[in-house]
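Q: Here are the chains, one letter per residue:
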Amino acid sequence: MNITVYNEREKTTLQIEFNGKTVTDLLKELKINPEVFLVVRNNEVIIGDETVHDNDVFELLSVVSGG
Amino acid sequence: MDCFHCSKSAVIEVQHGALCKTHFINYFEEKVLKTINKYRLIGRKDILCVATSGGKDSLTVLYLTKKYCERNNIPTKNIRALAIDEGIAEYREKTIIDLQKFCSDHQIPLEIVSFETELGKTLDQAYPIINKGTQKKPCNVCGVWRRYLLNKYAAKSGATKVITGHNLDDEAQVIMMNIFKANTQLAGRMGPISGIEESEHFIQRVKPLYFCLEKEVRLYALLKGFQVQFTECPYSKEGFRHHVQEMLNDFEQKYKGTKQGIINSFLALLPNIREQEKGRIDEIKQCSRCGEAANKEVCNACVMKEMIING
Chain A
1 MNITVYNERE KTTLQIEFNG KTVTDLLKEL KINPEVFLVV RNNEVIIGDE
51 TVHDNDVFEL LSVVSGG
Chain B
68 MDCFHCSKSA VIEVQHGALC KTHFINYFEE KVLKTINKYR LIGRKDILCV
118 ATSGGKDSLT VLYLTKKYCE RNNIPTKNIR ALAIDEGIAE YREKTIIDLQ
168 KFCSDHQIPL EIVSFETELG KTLDQAYPII NKGTQKKPCN VCGVWRRYLL
218 NKYAAKSGAT KVITGHNLDD EAQVIMMNIF KANTQLAGRM GPISGIEESE
268 HFIQRVKPLY FCLEKEVRLY ALLKGFQVQF TECPYSKEGF RHHVQEMLND
318 FEQKYKGTKQ GIINSFLALL PNIREQEKGR IDEIKQCSRC GEAANKEVCN
368 ACVMKEMIIN G
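These protein sequence lines map, in sequence, to chains A and B.
Under the numbering used here, the first residue of the first sequence carries the number 1, and numbering increases by one thereafter.
Under the numbering used here, the first residue of the second sequence carries the number 68, and numbering increases by one thereafter.
Please note that the accuracy of each hint is not assured.
[To be verified] Below 20 Å or equal to it, Euclidean Cα-Cα: the simulated DMTMM-like pairs (lysine to aspartate or glutamate) are:
| # | chain 1 | residue 1 | chain 2 | residue 2 |
| --- | --- | --- | --- | --- |
| 1 | B | K161 | A | E10 |
| 2 | B | K75 | A | E50 |
| 3 | A | K28 | B | D191 |
| 4 | B | K88 | B | D113 |
| 5 | B | K88 | A | E59 |
| 6 | B | K304 | B | E185 |
| 7 | B | K291 | A | E10 |
| 8 | B | K134 | B | E183 |
| 9 | B | K291 | B | D165 |
[As the list claims (entries may be wrong)] Partner residues aside, some chain B positions facing chain A, computed with beta carbon under 10 Å:
| # | residue |
| --- | --- |
| 10 | S76 |
| 11 | Q82 |
| 12 | K88 |
| 13 | E96 |
| 14 | E97 |
| 15 | D172 |
| 16 | A222 |
| 17 | G225 |
| 18 | T227 |
| 19 | L280 |
| 20 | K291 |
| 21 | E299 |
| 22 | L315 |
| 23 | G328 |
| 24 | I329 |
| 25 | I330 |
What the hints contain is simulated information worked out from the structure, not anything from laboratory work.
Backbone N, C-alpha and C define an ideal beta-carbon position, used for all residues, glycine too.
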C-alpha cells in the first residue's frame, strides 16, 4: 500500500510503499523511536496497534522540545 | 486499542493501561495538581512568576497553574509570566509569538527580558567571545544568564516562587548528567522544589510537571489545542544533555519505565544526598558586583559579562 508521512522534526513529507500492518510496524520501518513522536492520522492521535490503510496520511509530531 | 476506562480509542499507553483523550486529560491534570499539593509547591499567599518560553512545557504549566489557583480560590492576579529572549536567530522569536497570544487569551501579564538589553549582547554574539577563552558550550552560557535574569526579574516583580515547566524527562536527564559528572552538590539542589529553601537572594523554583513524561506534556498541549510549533534551537545538539536525552529515550523504548525509575530512585536518595551536602548546599552568597545570588564572591553571569567587555 502507499502512504504519506509528514515528519514535523525533519520538515519532510515522504510517499512510501508500506507492506507492514500496524503503526508500530511503520515506525520500525522508518527507524523512529515511538517514545519521541506522537502519531496523528486524520487529526486524531493514534497508538501503535492501529492498522495502517492504503492512502493513509500520517503526521509524526516531535515530543522532544527543540531547546 | 480501547481506553482502559471506556470504549473510546486510546491516544496513549501509560503505566496502568491505555487512555482515550478525555481520560488522559483527567489523568494528566490530576497528576500535576496532586504534585502541587503533595510538595506544597504553591501557597495561598505566594506571588507566582511562571518561567515561560512559549513551548509546550511552559504553556502547559502556565495553564495548569492558573487552573490550580482557580480551583483553590487563590487569586489569579498573583500569577505573572516571565520570558527570557536569549537572542538566538530564527528560534526564540517564533515561540515568543505563541507565548504572547497565549498570555493574551488567558489574561496573564507577560514580561519579556532580553540578553541583549540586559547584558549587552545576544547569545549569538556573546557565545563565540566567551567560548574563545573558556571552551564553554552555548548551553552553559545560556543557562547561567537565563537563571540570572529569571531570579533578578522574578524578585523585581515581587515573586515568592518561580514556577518552571521542567518535566520528568528533563529531570531524569539532569540526574544522570550529575551522576556522570559526580556532581553531588548540584544533585542535592534538585527535586520538585529546587534551589535553596530560605534565602533572601534566591527565589525558590518549583516544578509542577515533575512527574509528567515529555511525551505526555506534548500530547496534553496538543489535545488542549495550545498553539505550539516545533522549533529547534540551533545549539541544542552541541550540549552534553542531548546525548543523555538520546540515551534515555533509547532505554525507555527498550525498557519501559526507565525514566520513572530514575526519578523514583533519586527521590528516595535525595534526603541522604542533602544531608551529606549540608553546609555546602545551604551556602548562598550575594554577588559583590550585581547583588544577585552567587555561590562565590562574583557570580558566573558577571564573570561572563566581564569576558565580553574584555573581548
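Q: Each hint needs a verdict: does it hold in this structure or not?
A: Taking the hints in turn, this is what the structure says about them:
{"no.": "1", "hint": "B:K161 with A:E10", "result": "17 Å, holds"}
{"no.": "2", "hint": "B:K75 with A:E50", "result": "13 Å, holds"}
{"no.": "3", "hint": "A:K28 with B:D191", "result": "38 Å, violated"}
{"no.": "4", "hint": "B:K88 with B:D113", "result": "33 Å, violated"}
{"no.": "5", "hint": "B:K88 with A:E59", "result": "18 Å, holds"}
{"no.": "6", "hint": "B:K304 with B:E185", "result": "26 Å, violated"}
{"no.": "7", "hint": "B:K291 with A:E10", "result": "24 Å, violated"}
{"no.": "8", "hint": "B:K134 with B:E183", "result": "34 Å, violated"}
{"no.": "9", "hint": "B:K291 with B:D165", "result": "14 Å, holds"}
{"no.": "10", "hint": "S76", "result": "7 Å, holds"}
{"no.": "11", "hint": "Q82", "result": "14 Å, violated"}
{"no.": "12", "hint": "K88", "result": "8 Å, holds"}
{"no.": "13", "hint": "E96", "result": "17 Å, violated"}
{"no.": "14", "hint": "E97", "result": "20 Å, violated"}
{"no.": "15", "hint": "D172", "result": "21 Å, violated"}
{"no.": "16", "hint": "A222", "result": "24 Å, violated"}
{"no.": "17", "hint": "G225", "result": "28 Å, violated"}
{"no.": "18", "hint": "T227", "result": "27 Å, violated"}
{"no.": "19", "hint": "L280", "result": "8 Å, holds"}
{"no.": "20", "hint": "K291", "result": "12 Å, violated"}
{"no.": "21", "hint": "E299", "result": "3 Å, holds"}
{"no.": "22", "hint": "L315", "result": "9 Å, holds"}
{"no.": "23", "hint": "G328", "result": "14 Å, violated"}
{"no.": "24", "hint": "I329", "result": "14 Å, violated"}
{"no.": "25", "hint": "I330", "result": "16 Å, violated"}
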